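Undergrad: What follows is each chain in one-letter form.
4 protein chains.
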Amino acid sequence: MDASKQTRVCVVGATGFAGVEVVRLVLNHPQLRLAMATDRKAAGTPISQVYPALAGATDLKLSLPEPDAIAAAADIAFLAVPHTASLSLTPDLIARGVSVIDLSADYRLRDPKIYEKWYETPHTSVDLLKDAVYGLPELFRPQLQDLAQKLASGQGPVLVAAPGCYPTSTALAATPAIKAGLVADTLVISDCISGVTGAGRTPSARTHFCHSNESVEAYGVAKHRHTPEIEQTLSIIAGQPVDVVFTPHLAPLNRGLLSTVYLQAKPDVTAQDVQAAYEDFFADEPLVTMLPAGQMPQTGSVAGSARAQVGVALDARRRTTIVASCAIDNLGKGAASQAVQCANAVLGYPETTGLDFVAPVL
Amino acid sequence: MDASKQTRVCVVGATGFAGVEVVRLVLNHPQLRLAMATDRKAAGTPISQVYPALAGATDLKLSLPEPDAIAAAADIAFLAVPHTASLSLTPDLIARGVSVIDLSADYRLRDPKIYEKWYETPHTSVDLLKDAVYGLPELFRPQLQDLAQKLASGQGPVLVAAPGCYPTSTALAATPAIKAGLVADTLVISDCISGVTGAGRTPSARTHFCHSNESVEAYGVAKHRHTPEIEQTLSIIAGQPVDVVFTPHLAPLNRGLLSTVYLQAKPDVTAQDVQAAYEDFFADEPLVTMLPAGQMPQTGSVAGSARAQVGVALDARRRTTIVASCAIDNLGKGAASQAVQCANAVLGYPETTGLDFVAPVL
Amino acid sequence: MDASKQTRVCVVGATGFAGVEVVRLVLNHPQLRLAMATDRKAAGTPISQVYPALAGATDLKLSLPEPDAIAAAADIAFLAVPHTASLSLTPDLIARGVSVIDLSADYRLRDPKIYEKWYETPHTSVDLLKDAVYGLPELFRPQLQDLAQKLASGQGPVLVAAPGCYPTSTALAATPAIKAGLVADTLVISDCISGVTGAGRTPSARTHFCHSNESVEAYGVAKHRHTPEIEQTLSIIAGQPVDVVFTPHLAPLNRGLLSTVYLQAKPDVTAQDVQAAYEDFFADEPLVTMLPAGQMPQTGSVAGSARAQVGVALDARRRTTIVASCAIDNLGKGAASQAVQCANAVLGYPETTGLDFVAPVL
Amino acid sequence: MDASKQTRVCVVGATGFAGVEVVRLVLNHPQLRLAMATDRKAAGTPISQVYPALAGATDLKLSLPEPDAIAAAADIAFLAVPHTASLSLTPDLIARGVSVIDLSADYRLRDPKIYEKWYETPHTSVDLLKDAVYGLPELFRPQLQDLAQKLASGQGPVLVAAPGCYPTSTALAATPAIKAGLVADTLVISDCISGVTGAGRTPSARTHFCHSNESVEAYGVAKHRHTPEIEQTLSIIAGQPVDVVFTPHLAPLNRGLLSTVYLQAKPDVTAQDVQAAYEDFFADEPLVTMLPAGQMPQTGSVAGSARAQVGVALDARRRTTIVASCAIDNLGKGAASQAVQCANAVLGYPETTGLDFVAPVL
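Protein chains in written order, with my numbering: chain A, 275 to 636; chain B, 275 to 636; chain C, 275 to 636; chain D, 275 to 636.
Heads up, some of the hints might be wrong.
No distinction is drawn between identical chains; accordingly, a pair holds when it is met within one copy or between any pair of copies.
No farther apart than 30 angstroms at their CA atoms in a straight line, the calculated lysine-lysine pairs in the DSS-like style are these [stated by the list, open to error]:
no., residue 1, residue 2
1, K540, K279
2, K404, K497
3, K391, K335
4, K335, K315
5, K497, K453
6, K315, K540
7, K497, K391
8, K424, K497
9, K540, K335
10, K315, K279
11, K540, K497
12, K424, K404
13, K387, K279
14, K404, K335
15, K453, K279
16, K279, K335
17, K404, K315
18, K453, K335
19, K387, K315
Hints are computed from structural coordinates only; laboratory data are not their basis.
Please read all numbers here as calculations on a predicted model, not as lab measurements.
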């Protein structure tokens, strides 16, 4: 590999669960070079001390997230930070010519008022919001390609808002049916199960092993912040407002997210129609596997990978209900690998570069 | 305890997961005495050899499930057997004067044609079907009390069909809203997550630790056999046909079942209406805890216990959707403890006898 | 039950993992009545709010651990507190006539200098130390019976130092061999595996689900504070100083502790000798099951119970090494149920009162 | 990559847990090409149907393990088969010019009598046994290099006996101390904890999720077949017979193996001596990380990787005992990645080719 041609990367928030997964993917990536990784609390410490799994892979010490230092070190920054932290940092990075792949929620919602309502904080970067592209390549690839062109032609840095984990899997499960015109009702019920990495690295009563282990529970019912993000995406797809009822659950596993989505179909829709619509939609997608009729995905098959798997069934016994299920790794396609997929897209690399490895199968 | 007044119990299928939980509850029960436990394959072996956890608690050897032997040993039999096995044995036991608490599906569905359609086998005991009571005490207590009277007055043995695990939790989650007239649509979506004991004790690729661990998946989508059972119960409650879409999931825990149920409410229903309806419905139930507004149940809080916990929310942002969640132990309230609760009811003991212990809290 | 004859209990530190297990066992106990439960931070809150599993079982609100209030409410106090906290509280309780079952380390080590060395804090209650009995009934039953007599004859409150979890299982695994004179060397290697409840309820990086899950590790190697406690017990048993090398491991389960202990035996010792020695030693113990030759214990068989299971093998191929394995629930026989067992002993109840229930077998 | 220069690989027993991990590593390997994968029962089925995680990565159909077909398709075969199956197949492959990396036990023990005693079956391939090299590169690299030379110079196919999982981790934990002359006694106690993949893919009562979950247990005490293999390796290292007492445990995780090894050191050995000996020994090893003093390895840090991590402590308080701990992935360094590491060595590729990826850190 000609290191001089690699893109230099900074991972901001590198010790969070999504952040360290970006770090891992960058270390494994042939075209990206981990030039910098930041963490406010652990600055000065080798990241391999925080995560012994990285011993032997990198000696990099964590830094403070100073915009000038980032701009000196990196061409592109992945922001794996809580919401509002990106609002503070992104403008400084963009101003210094650093492209940003933002894994936070700050640039996902097109309408700043909706952001302010759900996140209960002002949106302080409305100008940049207009330039941000929502980084779900399977749905918004042309927009990402526009960014690639912009970047390649020297028209400055670009900003991608990498989607949330639940919005990603819900969108992948629901889009083919909506797009194919199979749906009769604008109500989408998304019932999701996430592994505990989704709850973040900060220790708490909920993330204590003995609380999470051997238990499942719903949380954030009727008020989870991913709701408007799902509605935004599905409404764009549907070309009309879609109403989302969304219930996330926590289950005792590290990685994995399963969305089971319920859509009321037009009465004459058949199981074959549905299967065909999904197969068509995902036919050329390199990182999404559409399972054969009768098969539903399990999260264990995508854990550690950059992939999604989708299965669908039709319950036509009484109501005609489409039940679609999408499995992703919440840290992979739900966060870090999707961010790298977006980076590949805007940097002009093949989208699967560094992502087409086979993850442990169990 | 005056052992001469205890009721003598036989557990048929005592080494299955539900069966051994009945054994455990009977051993802990002040009024029931474990007189016999059967298993075709392990007959002759002490049950504590199959389950070392029972060492020190019982020396009982497993027997063959011979009707005459059961009738000689026991007043009441718990049948923790696969469907059709109960169809074979129950008539023989009833004919010999032994009351039966059947944990299988054989006497749950009122209409033998629906049974035959879903279970793909003839129903060979239609006569007894008419006398069977569906053993969900919180919904059908009067019918169980009729059996108690029948038994007490010497009018012969009684037959209780103990409900399935998913039908129990779905019914507890959905009934209060339906009964209070809050619901606008007869569609009930029940999205459930079960621990692996629900998949039974027979080793298989699916129940292999390394398959189940660190993975969640939907199974039996649009065709699980508990669907008509749920429909039957909710239609009785609603007084009209209810359409059920039911998706079970498997998650990596031993015990626990969470049902999250979606009901479209009448437009003017408020969160307070919903919470009040649920609190009213469960006000006097000794084994169901209705959680305060804003709190949802976790299965870890009921694992090992005989209890259910229920929480409810209203998503009135766009549609008016009731999201109700019920947590049970699939082997407890979803199988064995519910069977014992029914036995208590028909034997004239207080319903919670032997069931009001506090299970491990983690 | 005649409530007027029940013993009134206060559980100090009732929201810790060991504390809430004492609470549970007291709630299930026919002769003990939970009169008070304390927690400094959550005083005023119902304990069922902290642990929803207790909903329906108790309405008790948590209190502050004030000595006068405890003395007014309770005859006996279980102290489920960190070390040094018991040194502060126990003298005040004893002075007020309240008997104490102390689950902390403060009164376990006979020699205050050893305490001060390992716990790096002065022992401020040396007088009481002399009266404390080390509460491992299988080894020190006569001493507990002396306390019972003292209490029954009105000679004031008593103090029991309930053993640590690793010392309990190591002592049960090693004692029969030592006592039977089978051992040739005073070196005892104890290699132990504990569930995560053993690490306590305070959230930390180590107890985060995603750290503990899918990983095992040794910790506290060559310096764990249970080492001198194990040495003290085994030296008493052996009648000479015993040298202990002790390695605890953490494994991803909630409850359970397995000690595998290695002892060099005299060269002519046979497997039959060893098995016989263990069977003899535990022959009349109601809460310890000695497994048949060839069988080793699994922690799953004792989780949630008050029992221990022990198995032993002899590796006589080259060296003559006894490999003995003891399984307990670290919160049960390793903490709370052992404390209740001691309370039973000193209060004059049969030792197994409230402890002879059958726990979930899986 | 020039595919014409890749080495063609056949994986025999490709659906077992070790087999599919070899498949995964070959798919990710730049110099190896998966030409064939066999499974007697599933021949004709795409392997991605057996393991949906492979969907999108390979369309290969499983074949029968016919020697002629393997010889036509592949340059090298990985045999991930039970013992005796390799005795049948290896001679046929070697005769056809196919090099073999054997993951079974059949060619590990130098002395066929020891094999016959422990495996209770005749060794039918004693001739080949003499040519087999025990594939633990960190200990026997020169021997592997001899094979590389033999292969490169056209002197025919080679045979590597890849070590067992417990022997690998025990050897890595014990060797530096023995080699540095720190040890005073030839007794080595190895206490190990393995994830459940170590028990194989065949469903059984023991590998049922509900048995393995929430439980730990010792198994095969004093009779596990890895014992003579450990003794063979450590005796070679020590230059004299070493006596091994070995206890494996099963813990509820998929992947991971931790060996904690106890060695009696010479009395004047210091902790610094020990740490230095280990650091020296592993200084240039690319796939073993020696942790700093005071740190012990956790299996979660190596799961999914090709690496080992080692930590060591000295308990010099009474006896002078070295406590060394080695963490590997039982399917990685304990099986498949070690086999690939050996293949790299004999094929003349850098030893870490295809193995220096960073695995998921949690």
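Undergrad: Does each hint hold? Answer for all of them.
TA: Against the structure, the hints:
1. K540 to K279: neither (52 angstroms within a copy, 55 angstroms between copies)
2. K404 to K497: within (26 angstroms within a copy, 46 angstroms between copies)
3. K391 to K335: Answer is neither: 38 angstroms inside a copy and 37 angstroms across each miss the 30 angstroms cutoff.
4. K335 to K315: within (12 angstroms within a copy, 38 angstroms between copies)
5. K497 to K453: Intra 27 angstroms, inter 26 angstroms, cutoff 30 angstroms: intra and inter.
6. K315 to K540: neither (54 angstroms within a copy, 43 angstroms between copies)
7. K497 to K391: within (11 angstroms within a copy, 41 angstroms between copies)
8. K424 to K497: neither (37 angstroms within a copy, 50 angstroms between copies)
9. K540 to K335: Answer is neither: 57 angstroms inside a copy and 39 angstroms across each miss the 30 angstroms cutoff.
10. K315 to K279: neither (32 angstroms within a copy, 48 angstroms between copies)
11. K540 to K497: Both: 29 angstroms inside a chain and 20 angstroms across chains, each within 30 angstroms.
12. K424 to K404: within (15 angstroms within a copy, 65 angstroms between copies)
13. K387 to K279: Neither way: K387 and K279 sit 41 angstroms apart in one copy and 59 angstroms across, limit 30 angstroms.
14. K404 to K335: neither (35 angstroms within a copy, 49 angstroms between copies)
15. K453 to K279: Neither: 40 angstroms inside a copy, 45 angstroms across copies.
16. K279 to K335: within (23 angstroms within a copy, 39 angstroms between copies)
17. K404 to K315: Result: close neither inside a copy nor across copies, 32 angstroms intra and 47 angstroms inter.
18. K453 to K335: Neither way: K453 and K335 sit 47 angstroms apart in one copy and 34 angstroms across, limit 30 angstroms.
19. K387 to K315: Close neither inside one copy (32 angstroms) nor across copies (39 angstroms); limit 30 angstroms.
Consistency with the previously given hints fails for numbers 1, 3, 6, 8, 9, 10, 13, 14, 15, 17, 18 and 19, ordered from lowest to highest.
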